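Q: Dock chain B against chain A, hints included.
Listed in order, the protein sequences are those of chains A and B.
Sequential numbering of the first sequence, starting at 28, is according to the working numbering.
Sequential numbering of the second sequence, starting at 28, is according to the working numbering.
These are calculated hints, taken from the structure and not from any lab test.
The model shown is predicted, which means the values in this text are computed figures rather than measured ones.
There may be inaccurate statements among the hints.
Since the list can't tell identical chains apart, any single copy or any two copies may satisfy a pair.
In silico EDC-like pairs for lysine to aspartate or glutamate, Cα to Cα no more than 20 Å straight-line [to be verified]: (1) Lys208 with Glu351; (2) Lys329 with Glu278; (3) Lys105 with Glu297; (4) Lys208 with Glu297; (5) Lys231 with Glu325; (6) Lys329 with Glu136; (7) Lys231 with Asp336; (8) Lys97 with Glu179.
Spelled out, the chains give:
There are 2 protein chains.
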Amino acid sequence: MQSRDRNRAALFALAITFTAGIVLTLYRLASERHLDRISNFMVAVSKPSSISRCGTFRGSNEIWEESQLKYLRLPDDKFTIAMQTFRRPMELNNTLQALLRENIPSLSEVVVIWNDVETVPPSNFESPHGVTVRFRQSNENSLNQKLWPDPEYQTQAIFLSDDDIYYEPQDLEFAFQSWRKFGKRRMTGGFARCAVQEPGGRWKYSFCSTEQGHNMYNMILSGLAFVHISYLDYYSSHDAVLQSIRAYVDEHFNCEDVAMNYMVSLLTGEGPLLVKGRVPFVNLAPANGISTRPGHLEARSKCLNDFVDLFGCMPLMNETARVEPGVIIS
Amino acid sequence: MQSRDRNRAALFALAITFTAGIVLTLYRLASERHLDRISNFMVAVSKPSSISRCGTFRGSNEIWEESQLKYLRLPDDKFTIAMQTFRRPMELNNTLQALLRENIPSLSEVVVIWNDVETVPPSNFESPHGVTVRFRQSNENSLNQKLWPDPEYQTQAIFLSDDDIYYEPQDLEFAFQSWRKFGKRRMTGGFARCAVQEPGGRWKYSFCSTEQGHNMYNMILSGLAFVHISYLDYYSSHDAVLQSIRAYVDEHFNCEDVAMNYMVSLLTGEGPLLVKGRVPFVNLAPANGISTRPGHLEARSKCLNDFVDLFGCMPLMNETARVEPGVIIS
Chain A
28 MQSRDRNRAA LFALAITFTA GIVLTLYRLA SERHLDRISN FMVAVSKPSS
78 ISRCGTFRGS NEIWEESQLK YLRLPDDKFT IAMQTFRRPM ELNNTLQALL
128 RENIPSLSEV VVIWNDVETV PPSNFESPHG VTVRFRQSNE NSLNQKLWPD
178 PEYQTQAIFL SDDDIYYEPQ DLEFAFQSWR KFGKRRMTGG FARCAVQEPG
228 GRWKYSFCST EQGHNMYNMI LSGLAFVHIS YLDYYSSHDA VLQSIRAYVD
278 EHFNCEDVAM NYMVSLLTGE GPLLVKGRVP FVNLAPANGI STRPGHLEAR
328 SKCLNDFVDL FGCMPLMNET ARVEPGVIIS
Chain B
28 MQSRDRNRAA LFALAITFTA GIVLTLYRLA SERHLDRISN FMVAVSKPSS
78 ISRCGTFRGS NEIWEESQLK YLRLPDDKFT IAMQTFRRPM ELNNTLQALL
128 RENIPSLSEV VVIWNDVETV PPSNFESPHG VTVRFRQSNE NSLNQKLWPD
178 PEYQTQAIFL SDDDIYYEPQ DLEFAFQSWR KFGKRRMTGG FARCAVQEPG
228 GRWKYSFCST EQGHNMYNMI LSGLAFVHIS YLDYYSSHDA VLQSIRAYVD
278 EHFNCEDVAM NYMVSLLTGE GPLLVKGRVP FVNLAPANGI STRPGHLEAR
328 SKCLNDFVDL FGCMPLMNET ARVEPGVIIS
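The following block holds chain A by itself, in its conformation from the complex (with noise of 0.2 Å):
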């Protein structure tokens, strides 16, 4: 009689794993048929993407999986500025007054990221229109500083900028909205640049053309420029291209936006998107910066096929479209 019962209890459980296997196996098959003949045409809900192909480089899709499902949690109706600073407090007030004496609606909070390891930055402090101005110093005087994705960010949307250059804050909301609308995958902003091939094969840094025909660009520059945060959870993870990445970038002291701007493309297979305001961005420009001294050009062009090598291919793609502001009446 016991034995009878362990006999039915037996045959008990294995019907229900039987059963749950097959079930499961069947559901998991017609969803995925499913999904799969959709198309990118109907956006409520999504599963992460994975890396497009390029050269040699595979990336690991589990990291950016991660990196993608990490910030859902977050809002992406407002956004962060993340301003990095070394030593410079006149361009660096100027430009927070130009970016705090206006109401910017979707501003969250302003993070300067004062990299000068040896001063203690200023107070942090709230601004007349309730936005919160935190202070980070950096552990060490590093570009990658700036791309590292904070903990304590409240939005997916990091705005990334120097001290010494802003959109006006009617511009930076535009510029936001289109990041929301167009960009999300994208390096989104107002600084383009351009990798143009030399007849050689390498390939040489440009302030790009507008000649017809060559009318394009490829990167946006990090001093200007809307990114998803989990760009920079990529950017900053143990995939160990970036980390090479990012030892380079700390031994040249240079060319972290061009590794953004390859890195992106890598990820999404799509350019980068500018954004033109109502009126040009301000460039404080002093001539000090690192982007005026002699050899400025040859060094990023270095970057450019370096990370080539590095990366194993050439990701960026050319965009010929911009976004501007208005209407054009007809």
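A: Frame of chain A, contents of chain B only:
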């Protein structure tokens, strides 16, 4: 013994049913919760979007889901021109010649919607660049013919156009690429118009304004606009509201494009997208066209208000951004 076997079989069946139910429910809950967390930042796969809420209009999510799924087998990297014409052979030939004289890489087919029911249309032909021009005679002279989802269309993208207006070939390709990248859920084209609310609450049709604070638009006319074929499908469906709309368009011989803008914004909750080409689009604007007749603006304003009644809300969304070609050097 037989009774015990029956009991055992019944218990077994019960176990199977019970387990299947539980597993399926748990799996569905888990995957829905997972999907809910994922924003449209990730676009790899999606499920059909449901209709956004606006006033009393509910639409039919069933029809809309069907309209979305029906055309997924069609490529999204080519487009079809659907050009409406009525007894204007000179304008028609002029426009066809302009569009066919250069290679437009993504153009798949031109369908001329021949609304003259009394004259036999010309024969189909193939352009030197291999584009088929197909004449499709309407069975009635109705403006709804242009918005009919012809089962012979071979592409998801349909470029709605008239016989007297065109983008230059390069710009048409640019507008198509902009649709693909930024405007799949929008009426995307070259010709913007505005519905503006007057102090009394009535809506007024206008050419829009570039004055600060008003520099926006909420309609793109179908003389020059890309639209996804799924929207044509819903427009032509048995949804009761759309049936009244089509009857209205036939009765007034006007406003099919206004109706389309209402419907697309109702379905998506998004505005349209203005794309400016490298050069201005060509408008042959004959003196006897509908839009130059006296009373045109009043008739269009009447449509705006009548459609608010028919749809049960004002769904148009103001858009402040437009797309243009080329880089800006800074």
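Q: My question is about Lys208 and Glu351: at a cut-off of 20 Å on alpha-carbon distance, are they close within one copy, between copies, both, or neither?
A: Close inside one copy (13 Å) and across copies (16 Å); limit 20 Å.
Q: Could you figure out if Lys329 and Glu278 sit no more than 20 Å apart (CA to CA) within one copy, between two copies, both or neither?
A: This pair counts as within: shortest intra-copy Cα distance 13 Å, inter-copy 67 Å.
Q: Up to 20 Å between alpha-carbons, please classify Lys231 paired with Asp336: within, between, both or neither.
A: within (15 Å within a copy, 59 Å between copies)
Q: Is it within a copy, between copies, both, or neither that the alpha carbon of Lys97 lies no farther than 20 Å from that of Glu179?
A: Within. Shortest intra-copy distance 13 Å satisfies the 20 Å Cα cut-off; inter-copy 44 Å does not.
Q: When no copy is specified for Lys231 and Glu325, does a C-alpha distance of 20 Å or less occur within a copy, between copies, both, or neither?
A: Classified as within: same-chain Cα gap 8 Å, cross-chain 57 Å, threshold 20 Å.
Q: Since the copies are identical, ignore which copy is meant and state whether Lys105 and Glu297 lie within 20 Å (CA to CA) inside a copy, between copies, both or neither.
A: between (24 Å within a copy, 18 Å between copies)
Q: Pop the pair Lys208 and Glu297 into one bin, within, between, both or neither, using alpha-carbon distances up to 20 Å.
A: Classified as both: same-chain Cα gap 15 Å, cross-chain 9 Å, threshold 20 Å.
Q: Given identical chains, is Lys329 near Glu136, meaning Cα to Cα at most 20 Å, within a copy, between copies, both, or neither?
A: neither (35 Å within a copy, 46 Å between copies)
Of the numbered hints stated above, the single one contradicted by the structure is hint 6.
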